[in-house]
Structure formats: structure tokens, C-alpha cells
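Heads up: the sequence lines are chains A and B, in that order. Remember, this note's numbering sits 31 above the position in the first sequence when you count from 1. Remember, this note's numbering sits 16 above the position in the second sequence when you count from 1.
Rather than coming from a laboratory, the hints here were simulated on the basis of the structure. Any given hint could be a false lead.
[To be verified] Subject to a maximum C-alpha distance of 27 Å in a straight line, what follows is the list of computed BS3-like cross-link-like pairs (lysine-lysine):
| # | chain 1 | residue 1 | chain 2 | residue 2 |
| --- | --- | --- | --- | --- |
| 1 | B | Lys240 | B | Lys56 |
| 2 | B | Lys132 | A | Lys121 |
| 3 | A | Lys121 | B | Lys135 |
| 4 | B | Lys132 | A | Lys250 |
| 5 | A | Lys119 | B | Lys262 |
| 6 | A | Lys164 | B | Lys132 |
| 7 | A | Lys121 | B | Lys56 |
| 8 | A | Lys164 | A | Lys245 |
| 9 | B | Lys135 | A | Lys164 |
| 10 | B | Lys68 | A | Lys119 |
| 11 | A | Lys121 | B | Lys272 |
| 12 | A | Lys121 | B | Lys240 |
| 13 | B | Lys272 | A | Lys164 |
[Stated by the list, open to error] Chain A residues, not near chain B, derived (Cβ > 10 Å throughout):
| # | residue |
| --- | --- |
| 14 | Glu88 |
| 15 | Phe91 |
| 16 | Asn103 |
| 17 | Leu113 |
| 18 | Leu252 |
| 19 | Gly327 |
| 20 | Val355 |
| 21 | Tyr357 |
| 22 | Ala432 |
[As the list claims (entries may be wrong)] Derived DEER-like restraints, expressed as beta-carbon distance ranges:
| # | chain 1 | residue 1 | chain 2 | residue 2 | range |
| --- | --- | --- | --- | --- | --- |
| 23 | A | Phe381 | B | Glu54 | 36 to 44 Å |
| 24 | A | Arg446 | B | Gly92 | 49 to 57 Å |
| 25 | B | Leu187 | A | Leu406 | 41 to 49 Å |
| 26 | A | Arg399 | B | Asn61 | 33 to 41 Å |
| 27 | B | Leu187 | A | Phe142 | 25 to 33 Å |
| 28 | B | Tyr259 | A | Arg205 | 30 to 38 Å |
A virtual CB, placed ideally from N, CA and C, is assigned to each residue, including glycine.
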Amino acid sequence: MFNRVIKINRLSLLAMVMVASVLYSDQALSDSMIDTDKNQVSLFSDWELSGQISIEELGFFHNKLDSRQHNNYISGAIEPELYREWDKGKQSFTFVPFFRVSQHDNRRTHFDIRELNWLFSAQDWELRVGIRKVFWGVTEGSHLVDIINQTDLVENIDTEDKLGQPMINLALIRDWGTVDLFLLTGFRERTFAGVEGRLRTFPEVSVGDAMYEKHGIEKHLSYAARWSHTLGDWDIGLSHFYGLGRDPTLNLQLSDTGASRLIPYYELINQTGLDLQFTYDNWILKHEGILRSGQGKTFYASASGIEYTLYNLFSSGLDVGLVVEYMYDTRGANNLAAPLQDDILTALRFALNDVQSTELLAGIFFDRKNKSNFLNIEASRRLGDSFKLEAEVRLFNDAPANDPAFIFRDEDHIRVNLSYHF
Amino acid sequence: MKILTKGIVASLIGLCVIQTSYAETAEEKGLAIAQQVENKDSGWNDMLVTIKMVLRNKQGDESTRDIQQKVLEVEGDGDKSLTVFNRPRDIKGTAFLSFSHIIDPDDQWLYMPALKRVKRISSSNKSGPFMGSQFAYEDLASFEVGKYNYKYLRDEVLDGTDSFVLENTPLYQYSGYTRQLVWVDKSRYIPLQIQYYDRKNALLKTAQFIDYQQYLGQYWRANKQVMINHQSGKNTELLLTEYQFKTGLSTRDFDKNSLKRMR
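Produce the complete structure using the sequences and hints provided.
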């Protein structure tokens with residue numbers, strides 16, 4: 032555990048030093064300007080502190096499968112954001128640390144630097160240096176194209192929580208689109224629940240013993256580029272990534288004592304991704320596709336679908352959206368790494384557009400191969416001005432023993448999160 | 017000789033045209049007033065404004081939103097705007113980019129800071145409430161002459177100000193209104209009050225523009241707007257401060273890259 036944190040810190044340190052030195056030079060400049068001309072003060076904003084503190088209850092409907100696990104988990108998290116901009120907003124600094132402390136499962140008690148970066152924006156380019164989070168993609172059921180950041184899986188199995196990624200990112204902004212070039216400096220291991228945690232594999236993943244196809248500098252450097260553009264009703268993104276993959280292959284290993292465990296293995300991959308969205312009237316058509324080589328046989332995976340929304344139904348302010356997506360993966364069934372290989376997501380999204388921003392999303396993933404399904408319900412509502420209540424219910428049904436979702440057969444759960452935003 | 021005759025005929029036709037324009041119809045007069053409103057408010061290039069939105073229900077419970085907005089004037093089309101929320105805090109950093117068009121649907125993108133995701137969204141949502149307020153999306157869109165059919169109804173003195181009363185009928189798709197009655201200040205050509213009639217042609221809302229101030233010796237902006245919903249008893253107040261014009265913004269400040277940076 033401690034070993035892991037130290038490793039992360041060492042990586043962050045590099046980025047921190049880079050950011051700090053840049054900031055220092057700018058700060059020195061700004062101070063001298065303030066001294067000579069008091070009127071210049073307004074050019075530099077003050078430090079802005081915001082963020083959230085939250086408490087979460089994660090409860091399971093079925094009894095634990097392993098005596099070391101629990102049925103209820105209470106945890107708390109804090110995620111402040113420190114921000115400052117200057118140079119008329121052309122330059123800014125952002126720092127977002129994150130810490131969760133969990134009642135059980137010491138893997139879930141974890142710290143991360145989500146963001147620590149400096150931004151410089153010019154007329155036709157933008158430079159970002161430091162730790163950041165980057166999202167690519169358009170679909171709702173899965174996020175195939177999104178590859179820059181490692182998933183903070185111990186936070187939530189929806190893969191939407193990410194670990195901060197140290198990087199240098201240069202964006203070139205042209206009439207024919209934006210080209211983003213990334214030098215990713217520092218590999219991050221995926222987080223997994225520990226032995227005390229639920230929503231895990233059997234046997235558990237042994238995070239500290241992860242193996243890599245590349246070592247040293249090759250392990251820590253990856254490269255990515257993306258071209259994105261808007262052409263009329265179309266939004267398009269074409270990307271390529273080269274480096275250690277973010278999704279590890281989990282290999283079963285027997286120790287000398289006969290105990291088994293899963294060892295994450297991170298391979299060197301090439302991944303080309305395409306994301307496409309067509310927005311017209313009440314309709315959105317979307318597609319994401321990836322071609323990945325280096326992780327076993329080269330494979331193709333895609334997600335395509337529609338989103339249709341009825342706005343302001345009966346003049347009540349209610350929006351009802353229908354999402355249907357089809358997910359395909361050439362790796363086929365029975366592959367732990369490809370749970371959504373021939374699946375259909377059907378979801379309804381309700382937005383009340385009321386003062387409390389009440390929203391509800393209910394979706395069902397249906398596996399066409401083995402008829403198993405996964406029901407996901409998410410709801411949120413603001414309480415007063417500063418609190419937000421969120422609930423999530425996930426039910427896993429009818430997964431046969433050869434389906435990746437079989438490990439979640441007794442993991443039906445509810446998550447309730449109350450957060451205070453400042 | 018022939019040429020001369022042609023000239024006389026042409027000038028005669030010209031006179032006739034001038035004659036008819038003097039006896040203009042209510043529609044023509046309405047359109048002329050709307051064009052004046054637009055002409056007098058063009059040339060400001062770009063605008064920055066800080067908005068406090070106060071939502072009140074029937075019982076008087078209040079909820080506020082803090083918003084920053086940048087607008088770029090686009091000649092011959094709808095304006096471009098970038099709107100970012102600062103309060104309530106749970107949506108801090110959420111930003112909204114809109115390229116509005118006169119009749120065609122607008123192009124809109126939403127930035128969700130928690131996911132760092134930019135999403136192109138459908139612009140069919142004209143009549144829905146903006147952030148739970150009594151303002152619909154279409155109420156906050158930039159005024160363009162081509163968006164409505166006009167009809168001049170009458171002159172009226174509104175709170176001591178001589179005004180024209182116009183009836184505007186939306187031409188764009190998905191409007192929540194059959195018509196709007198607009199009181200336009202006769203001397204300054206600025207809206208003082210708008211009454212909105214719903215799809216059943218019943219009075220739905222009244223917007224009032226209060227405390228106008230002139231900027232750059234030309235452009236009038238209200239420091240306060242109140243939207244009263246007559247059917248629900250709810251109202252929303254907009255307090256608009258720190259107006260800035262001609263700050264040198266360009267299309268580059270209104271793209272998907274700037275959407276991610278907007279604070």
C-alpha cells in the first residue's frame with residue numbers, strides 16, 4: 032500500500048517540479064509588475080478554492096462470498112480544487128487532490144492527485160503541463176476510445192473515475208480541426224478492490240505484483256495524438272495511442288503455498304480509435320470504434336447507438352431521453368476483458384429541469400449471447416444550495432458461469448452518496 | 017427618345033413604391049420597428065456580463081445561480097455565446113457553448129467538468145426551462161429580426177414611457193409560444209416588457225426589463241430582468257452586472273477548446 036503511494040508520488044513529483052518552475056517564473060514577473068504599477072493587480076485573479084466532501088454508503092443485497100468481505104461499506108472522500116488564473120485568463124494553474132477513507136478494504140482508502148497542471152493558451156495553440164484527466168468519446172454504455180487516463184476502478188466499476196495522468200499536451204488549433212499531441216510521462220496502475228472489498232474477482236487481483244511488457248523509461252512513456260473537428264452536424268475524433276495499455280490482462284498465478292491470485296499484466300499496445308456523433312433535431316447518432324494490437328490477437332470493438340429526446344414534455348419541463356446502444360467486440364464471449372461483446376443497452380433518462388436538477392437514468396444491458404442482463408439505475412438531486420444526493424442501484428442477473436459478469440452474481444448493490452459542495 | 021420614356025416610367029413606378037410605403041401596413045410597421053431595434057444594437061462586437069439568477073417559487077423560497085457569459089456578435093446570423101456556471105457549486109465549471117442561427121437549429125455543446133467531457137447536444141430544447149428557472153432557452157437567445165413575423169398593434173404609454181406595442185410570431189421550430197407582445201421604447205428602441213402566450217394562446221409569462229444603462233454611448237442594457245410566470249406563480253430575477261463591450265474576443269474564444277477552459 033505505502034509502496035504504491037510512494038511510487039505515485041515519485042511520478043507526480045516530476046510533474047510538480049515542472050509546473051512549479053513555470054509558475055515561479057510567471058509569479059516573479061507578476062509580482063514585479065504589481066510593484067511598478069498597482070493598476071495591474073486586476074489582471075491576476077485570486078486563488079479560488081472550491082470542491083466537495085462526501086459520505087458514501089455501499090450496501091449489498093446478498094451475503095458475501097468470502098468471509099473477509101462485508102455487506103456494508105461506509106466511506107468518506109474529499110476532493111478540493113485550488114485554481115488561479117492570470118494573464119487575462121490565458122494562463123492558469125489547477126490543483127485537485129483526492130482522498131477517500133473507507134471503513135473496510137484498505138485498497139479503497141486511497142489518495143491521488145487528480146489534477147496538478149499549468150495551462151497556457153495562445154491564439155492557435157494550447158499547452159498543458161502536469162497531471163490531468165482527459166476524456167474522449169461519445170457513447171454512454173461503454174467508453175472504448177477513452178484511453179489517456181488509468182481507471183480508478185476501486186472507486187466505481189463504471190470506469191468513469193480516473194487516476195490523474197502526468198503529461199505534456201500540445202493542442203494545435205487550425206481551421207481544419209484541433210490536433211492534440213500527448214507525451215504521457217508516468218504509467219499508472221489500475222486500482223482494484225482488496226480482499227475485504229466486494230465487486231472483485233476470485234481470487235483477488237494482486238496489485239503490488241503487477242507485471243509489465245516494458246520496463247524503465249519505456250514503461251513510463253506513452254504517446255497519443257488526436258484530431259477532432261466539427262463539420263456541420265457531425266463531430267468527429269480520430270486518435271492513436273502507443274504505450275502500455277491501461278486495461279491489464281489478468282493472469283492466474285499459484286504461489287508456493289498453493290494460494291492462487293490474479294496478476295495484472297500490462298502489454299505494449301497500439302490503439303486507433305474513432306468517435307463520431309451526428310446531432311440533428313431530437314436525434315443523436317453515435318459511434319465509437321477501436322482497433323487494438325499488442326494484447327493477444329488484434330481485435331476490434333465498437334459501440335454504436337442513438338439517443339432520442341423529447342423535450343419539455345406537456346410543457347412540464349420534463350425531458351425524456353431514450354438511449355439504445357449496441358456493443359460488439361471481436362474477442363467474443365467468455366473473455367473476462369470483454370464483457371460487452373454482443374450486448375444491447377436500452378436506457379431511459381429523465382431530467383425534471385426543476386430547481387433541484389432532479390435526474391434519473393435507468394438502463395439495462397442485455398447480453399445477446401447468453402441472455403444475462405445487468406440493470407443500472409442512477410438518480411441525483413440537489414438539496415438546498417450546497418448538498419447533492421446521489422443513488423445508484425446495480426443488479427446482475429442470470430450470468431452463467433462462463434460469463435465475465437458471473438463474478439458479480441451476488442454483488443447486487445446500492446450506493447448512496449451525499450456530498451457537500453463549496 | 018425611347019430611353020427617356022423608360023426613365024419616366026421607372027420614376028413613376030418609383031413614386032408609386034414610395035407612396036405605398038407611406039401607407040404601410042401594420043406588418044410593415046412592425047418589421048420596421050424590429051429592424052430599428054436590431055440596427056441600434058449592432059456593432060458592439062463582443063460582450064461580457066456577470067449574471068445572478070434568483071429563482072423564487074410561490075411560497076417565496078429562493079435559490080440562486082451565478083453565471084458568467086461571453087457573447088460574440090455575428091453579422092447576418094445569430095450570435096455565439098459561452099455560458100459558465102459558478103453556483104450552485106455542484107455544477108461549478110459546467111459550461112455551455114451555443115452558435116445560434118436565425119431559423120436553422122442552433123449548434124450547442126455542453127462541458128461537464130466532473131467527466132471532462134464535451135458533449136454536442138440537441139438544440140430542439142427551445143421551450144424547456146433554463147436551469148430550473150422561468151426563462152426558457154428561447155427567451156435567452158439573441159434577438160434577430162428574421163426569427164419572427166411582426167405586427168404593429170398600437171402606441172401605449174408604459175409606466176410613463178411612450179412605446180410601440182408589437183406582436184411577434186416565432187418562425188423557428190419548437191417554440192413554446194404562439195405569440196409575444198413586446199413593448200418597445202419609442203425613443204430608444206429597446207424592449208421594456210414582453211408578454212408570452214403559450215401554445216394554447218393563454219398568457220403564460222411577463223418579462224420586464226428594468227434599470228437600463230447605456231454603454232459606449234450607444235448600447236442599452238437592462239441591469240435587471242424579471243420573468244413572472246402567471247400560471248405557476250413562480251418568478252425569476254436576473255441581475256446583470258459588470259457589462260463589458262469590445263474586449264477583443266474572437267471566434268477562437270468560442271470553440272470547443274475554449275469551452276473546456278472557461279471559468
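Hint check results:
no., hint, in the structure
1, B:Lys240 to B:Lys56, "holds (20 Å)"
2, B:Lys132 to A:Lys121, "holds (19 Å)"
3, A:Lys121 to B:Lys135, "holds (24 Å)"
4, B:Lys132 to A:Lys250, "holds (26 Å)"
5, A:Lys119 to B:Lys262, "holds (15 Å)"
6, A:Lys164 to B:Lys132, "holds (7 Å)"
7, A:Lys121 to B:Lys56, "violated (33 Å)"
8, A:Lys164 to A:Lys245, "holds (24 Å)"
9, B:Lys135 to A:Lys164, "holds (16 Å)"
10, B:Lys68 to A:Lys119, "holds (22 Å)"
11, A:Lys121 to B:Lys272, "holds (16 Å)"
12, A:Lys121 to B:Lys240, "violated (31 Å)"
13, B:Lys272 to A:Lys164, "holds (16 Å)"
14, Glu88, "holds (19 Å)"
15, Phe91, "holds (26 Å)"
16, Asn103, "holds (26 Å)"
17, Leu113, "holds (13 Å)"
18, Leu252, "holds (22 Å)"
19, Gly327, "holds (30 Å)"
20, Val355, "holds (16 Å)"
21, Tyr357, "holds (20 Å)"
22, Ala432, "holds (34 Å)"
23, A:Phe381 to B:Glu54: 36 to 44 Å, "holds (39 Å)"
24, A:Arg446 to B:Gly92: 49 to 57 Å, "holds (51 Å)"
25, B:Leu187 to A:Leu406: 41 to 49 Å, "holds (45 Å)"
26, A:Arg399 to B:Asn61: 33 to 41 Å, "violated (55 Å)"
27, B:Leu187 to A:Phe142: 25 to 33 Å, "violated (57 Å)"
28, B:Tyr259 to A:Arg205: 30 to 38 Å, "holds (33 Å)"
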